[in-house]
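Novice: Given the structure of chain A, go ahead and fit chains B and C onto it with the hints provided.
Chains as they are written, first to last, in my numbering: chain A, 1175 to 1412; chain B, 1175 to 1412; chain C, 1175 to 1412.
Treat the hints loosely; a few may be bogus.
Copies of the same chain look alike in the list, so a pair counts if it works inside one copy or between any two.
Below, in silico cross-link-like pairs of lysine-lysine (DSBU-like), each with a Cα-Cα straight-line distance of 30 Å or less [what the hints assert, rightly or not]:
(1) K1217 to K1408
(2) K1411 to K1204
(3) K1408 to K1199
(4) K1217 to K1393
(5) K1375 to K1411
(6) K1370 to K1393
(7) K1398 to K1204
(8) K1379 to K1249
(9) K1334 to K1398
(10) K1204 to K1305
(11) K1204 to K1393
(12) K1370 to K1305
(13) K1217 to K1199
(14) K1375 to K1204
(15) K1379 to K1231
(16) K1409 to K1379
(17) K1217 to K1379
(18) K1305 to K1379
(19) K1249 to K1375
(20) K1411 to K1334
(21) K1305 to K1249
(22) K1249 to K1411
(23) K1204 to K1370
Quick caveat, the hints were computed from the structure, so don't treat them as lab data. These numbers were taken from a predicted model, which means no experiment stands behind them.
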Amino acid sequence: MSLQNPPVNSLSLEFLTDICISVEKLEMDKTCRGLIITSSLPKVFSAGLDIMEMYGKSPERCGEFWRAVQEMWLKLYGSNMVTIAAINGSSPAGGCLMSMTCDYRIMADNPRYSIGLNETQLGIVAPFWFKDTMTNTVGHRTTELSLQLGQMYNPAEALKIGLVDQLVPEDQVSHYSHTNHDQVTTPDRSKSMMRKPTIDKLTSKREADIQNFVSFITKDSIQKSIGMYLEMLKKRKR
Amino acid sequence: MSLQNPPVNSLSLEFLTDICISVEKLEMDKTCRGLIITSSLPKVFSAGLDIMEMYGKSPERCGEFWRAVQEMWLKLYGSNMVTIAAINGSSPAGGCLMSMTCDYRIMADNPRYSIGLNETQLGIVAPFWFKDTMTNTVGHRTTELSLQLGQMYNPAEALKIGLVDQLVPEDQVSHYSHTNHDQVTTPDRSKSMMRKPTIDKLTSKREADIQNFVSFITKDSIQKSIGMYLEMLKKRKR
Amino acid sequence: MSLQNPPVNSLSLEFLTDICISVEKLEMDKTCRGLIITSSLPKVFSAGLDIMEMYGKSPERCGEFWRAVQEMWLKLYGSNMVTIAAINGSSPAGGCLMSMTCDYRIMADNPRYSIGLNETQLGIVAPFWFKDTMTNTVGHRTTELSLQLGQMYNPAEALKIGLVDQLVPEDQVSHYSHTNHDQVTTPDRSKSMMRKPTIDKLTSKREADIQNFVSFITKDSIQKSIGMYLEMLKKRKR
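Excised from the complex, chain A in its bound form (with noise of 0.2 Å):
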């Protein structure tokens, strides 16, 4: 599975449908041994979740937002083929939350790519299953710290923390990874027995999850940031 909604790969709420209807047919494609989630543009995985969604929207269509965000997390963290993360970019926030979802992640060894849950930089509070998958992935400590600092990690950084599992020359990421997936011959049931509690969480609250988001998002205060960062954004290009 290749991403491609240019310029950055952001998760709007048609690209996380394309997504989960992609997955979805490889999952009951019984002759699919597995995934490698990549990018087919340059330098960036995915700049995670599309800041357009978050900005002048009804509720409605906030709620319905976020239950796609939930939805690509419930799919590819509960998969049951082998995933891999060819993360062959910059996977802030959202992008690092995909990659976090599998087996195996593998990352170009560029040091301009970083990774990681910056949610806190832009004022926003990573949800409670975002912080969870985070956990699963580099421990408690390791979480806390940089879940509070909103701290992006440069390649190496990732792999001595264990955000990263491997890190290959940029050019063979897409090598490793079919090399990597290939050595994983059986399916198996022991992933799901160590995510069924976390994922067992999510599904429980995931009426109030949409609740909270939809009311923190649609506040006048932070609207108004929002539109502040897109204007900030406007005139760097300019």
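Specialist: Chains B and C alone, transformed into the frame defined by chain A:
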């Protein structure tokens, strides 16, 4: 306690029962200051559960066997003694589990030896309490990857991920085990505080866990694969 | 907040009460951007709980003391401020606990200093919330081993296991603490999300935890060992 069940210290029903009785006796002996578990056989600590106990046996017998495996784990992981694993040989599957029940693991620094929960390689899923014991030892992420791949680690790798605590020259495993043991002078309740939730979980789900094992292992398809595996072993020996 | 209770910043009932009042004031002061905890005394951050509060006191007084220890932990671990421990001296037992409540730990790189939960060495079992705080900081396995041995770590060892986050030259602990503090510009709710389950656990078991402490510490055998320990300290001083 020096394991001696040639040729490879397989954990049969009889051998497990012997181990449990020995541990129970030591536990009640107030002059006993602790327990060092090692192997009397060359090159192997324990090859794990005896596959012959899972082949062509009645459901009743399979259930009895599994109860003994649980009992061994409950007795060792919940021991009030200071326990040290002196791992002087390879230690796959159930052998690795037994090592992980101890308070401290010293392994012979011989790159030919390996240790790990490699059940997946045999088409078996490690039960939840194997998984919990490993998570308590090396953390969530390493356990997930390790179980999915059924990975075996050489001594250096095992030290790096924290699956063992210390590597020593092969002829000094016993010496270092005693030295380390002598450093712990007082019995301590912090161990039981750390392990209680994990132990309580199996205690409360014990019968269901036996049912799971019996219904899985007595399946025709599983019996057939075990049969083929045994054939292969026979051929290899010739 | 600079701890000053000579000679070694022992946490007496009175000193704990002072600390709690100071923290509460800062918490309500909206101009306060955060809290750096350090020691005004040479060579010691805090020697931990004042042993004189546990010797020859009435059960009521012991209960009052323990409630103050809990309150200090609840206030600091649950603080809405950005908190940094500037550990400019040794920090055993309760001193280590206080450090671990902070968001970030900077320690003087002086090999004579040490830090750790060494209660076991004194024949005391660390209560569950000491254990939980350490598990959140350094993980399950390191906590288990550390509590069982009552291990103290020099700065290099403490950095390696993640008990402290940064080592700096002794005369620059204060400088680096302020520099680090300034990097965290926004208050953040991810901290309370990470710590809430641990805090809720003590809150819900607070009275039982006090009862446990009082009935343990007022035992004749424990009072006798404390008496002998104090005699030994006196002789050492002469």
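Novice: Confirm or reject each hint.
Specialist: So, going through the hints one by one against the coordinates:
1. K1217 to K1408: within (20 Å within a copy, 54 Å between copies)
2. K1411 to K1204: Result: close neither inside a copy nor across copies, 46 Å intra and 37 Å inter.
3. K1408 to K1199: neither (38 Å within a copy, 43 Å between copies)
4. K1217 to K1393: neither (33 Å within a copy, 50 Å between copies)
5. K1375 to K1411: So K1375 and K1411 fail the 30 Å test inside a copy (41 Å) and across (50 Å) alike.
6. K1370 to K1393: Cα proximity of K1370 and K1393: across copies only (25 Å, versus 33 Å in one copy).
7. K1398 to K1204: between (48 Å within a copy, 23 Å between copies)
8. K1379 to K1249: both (16 Å within a copy, 29 Å between copies)
9. K1334 to K1398: For K1334 and K1398, the Cα distance exceeds 30 Å both inside one copy (38 Å) and across copies (44 Å).
10. K1204 to K1305: between (32 Å within a copy, 28 Å between copies)
11. K1204 to K1393: The answer is between: 22 Å across copies meets 30 Å, while 45 Å in one copy does not.
12. K1370 to K1305: Both, since 15 Å and 13 Å are each at most 30 Å.
13. K1217 to K1199: within (28 Å within a copy, 48 Å between copies)
14. K1375 to K1204: Intra 29 Å, inter 35 Å, cutoff 30 Å: intra-copy only.
15. K1379 to K1231: within (23 Å within a copy, 45 Å between copies)
16. K1409 to K1379: Neither: 40 Å inside a copy, 54 Å across copies.
17. K1217 to K1379: neither (35 Å within a copy, 49 Å between copies)
18. K1305 to K1379: Answer is both: 15 Å inside a copy and 26 Å across each meet the 30 Å cutoff.
19. K1249 to K1375: For K1249 and K1375, both the intra-copy (14 Å) and inter-copy (28 Å) Cα distances are at most 30 Å.
20. K1411 to K1334: neither (34 Å within a copy, 43 Å between copies)
21. K1305 to K1249: both (17 Å within a copy, 23 Å between copies)
22. K1249 to K1411: Neither way: K1249 and K1411 sit 35 Å apart in one copy and 46 Å across, limit 30 Å.
23. K1204 to K1370: Within. Shortest intra-copy distance 22 Å satisfies the 30 Å Cα cut-off; inter-copy 42 Å does not.
Of the numbered hints listed earlier, those contradicted by the structure are 2, 3, 4, 5, 9, 16, 17, 20 and 22.
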